[in-house]
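> Here's the letter readout for the chains.
2 protein chains.
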Amino acid sequence: MSSTQEEAKKRKLDDGTGDQKEIDNSHSSLFKDFTLKRVLREDPRSKTISLHGSLTKGQHVSADAVVLLERKPFEVSTLEDSLHKTRTTETLSNDIYSTHDAFSPGLSPDLKATVICPATEKHISKYSEHEPFLVRETPDLYKNVTEPCMAQSKFSIQWVYNILEKKTESERIVVEDSDPDLGFVLLPDMKWDRKNIDQLYLVAIVHKHGIRSLRDLGSEHLPLLENIRTKGLAAIKKNFGVAAHQMRVCLHYQPSYYHLHVHFTNLRLDSPPGSDVLRAHLLDDVIDNIHTDPDFYQKATISYALRDGDELYKWYKNANYFGTEESETPNNANTESSTVVVWLG
Amino acid sequence: MSSTQEEAKKRKLDDGTGDQKEIDNSHSSLFKDFTLKRVLREDPRSKTISLHGSLTKGQHVSADAVVLLERKPFEVSTLEDSLHKTRTTETLSNDIYSTHDAFSPGLSPDLKATVICPATEKHISKYSEHEPFLVRETPDLYKNVTEPCMAQSKFSIQWVYNILEKKTESERIVVEDSDPDLGFVLLPDMKWDRKNIDQLYLVAIVHKHGIRSLRDLGSEHLPLLENIRTKGLAAIKKNFGVAAHQMRVCLHYQPSYYHLHVHFTNLRLDSPPGSDVLRAHLLDDVIDNIHTDPDFYQKATISYALRDGDELYKWYKNANYFGTEESETPNNANTESSTVVVWLG
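Protein chains in written order, with this note's numbering: chain A, 4 to 348; chain B, 4 to 348.
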């Protein structure tokens, strides 16, 4: 038992306020001297928050720490028992509808905490809120800003080649088509726990090198794209029992790495990360668009969001893209036929 | 105080396990005799769960109830104090990284409960999981399935006309352009709390009647669409301080009602509901597509997800759309050039 744990236990015995049913020797109090410096990011939808503070951990006395807190999902097995002991305060009542604030009884952990300590500036930045900026990338902007950024960043994709050459992660491969032009490997995305089928998330990575993104696709890639669609969906049906019409199959633009890959997610997840219209392009639509016009993705203007920490954001900022857009935004919606009602809230 | 509340208070005094600091007279225990019949839906990402059970509420002895539980987001004002009293169990440790299960001390409510009691079958269905199905709507399917369904459903949009005629919600209008052809009203979406600017969500509803959806749009609507884009974004900048390049502006297909409207959401929300590539169409892209081809949305094949409770789903099912797709899905991904590795998990 660490000295922190011993102290925590002693403290609980001293003040006598603890509920004995809930205490066992494995409980500690890592955060007893936590000092909050700054909230880095909050997401009320996912009930997560990231904090920058200082913490005593191991030999480090009051070191910088990044603390990520996340409320736990509900546990069905203990939920009924837990509800019986839940205290409630009615906050609203109307006919058959009512809302309540409630205190759950703490029978099981209600939080997951991830701690990085000692943390560097880089960790702090990684978990901070970054301002989003919309880019409408025309073919000219692609040529003059995006492509030079990609070329200069020299972002290594050796880890992708390691997967394709089965140097790493070969045991995770769900299906492989080894054809050098049409082939791909399909494997679970790191974000999927590989247990909950409702959250199924797989990625197909093409064997062919040099197709960086949507922008490089033309009619010569239709057999590759159609092969991924057909065989990827068939493998998912076979291995996980999820039918083609229950899957969302898409490419990302911007992608997180510049080697062509396709995302397969279960439709049961409504609006999961990566399905945003500002990032996802349905494989079906991509195939249709190239059939309609082989140069579709060389001519298209494509919208996406950048964050102020992104390398590409810096390039667009340096190209004065956002400055120009700002000044193009009209500052006043009033015209002769409109009435502006200022909303007070 | 209701008899339920009195009983709850008495019980707490009787068993003596309560923490006196946390108890006040406003606390009740609505769920003390809750019997769980079925979990209707779980969402581990948003930490929500909907339950069907029975409950004693008011005069109803053991009535059917739908209970929606949602974990509360973190409250920054009390977080540091709360963390000091949080007990933790280390679940993983690697170098500077560690994860912990934690019990928060119950200083403030940790749940929001919404109760519908007595609940009907309709309520239970509304909050149940519904199987999603992907539709690739071709122009033929639109004409032969979607349009007849729309015509027969006779879904009332009187409430929309009430807003446009300022019979209801006029105090919520942020901006109005009263032009009968190009005009619209912009008002907060019901899903937005109207406080947190990061979650800003507004809807522009056009004054012109009869434009049912994306499918009805052609070059004659470009001035209307461009007017909504320009004046909507300018009003948001003026009233809420959010710039055009920080907004996601899109139409939904299928829309939730067949009178043209445009959604404005803050980009700071990553993948909020309604931003899914299977539903959202960027206004910028819609304008570009119609500029390229005035009949774009009459010719396009458009993908979207239906749920098995939807009226339109029934029409597609009756048209044997999903049956046909099922049999078209290959059942085996094996070909001579592929190796299937069955993933065990």
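None of these hints come from the bench; they were simulated from the model. Treat the hints with caution; some may be incorrect.
Identical copies go unnamed one by one, so any copy, or any two together, can satisfy a pair.
[Unchecked claim] Each computed BS3-like pair below joins lysine-lysine, with the alpha-carbon atoms no more than 30 Å apart:
1) Lys125 to Lys302
2) Lys194 to Lys146
3) Lys241 to Lys125
4) Lys240 to Lys317
5) Lys129 to Lys240
6) Lys40 to Lys169
7) Lys88 to Lys35
8) Lys75 to Lys35
> So which of those numbered hints doesn't the model satisfy?
Hints 1, 2, 3, 6 contradicted; others consistent.
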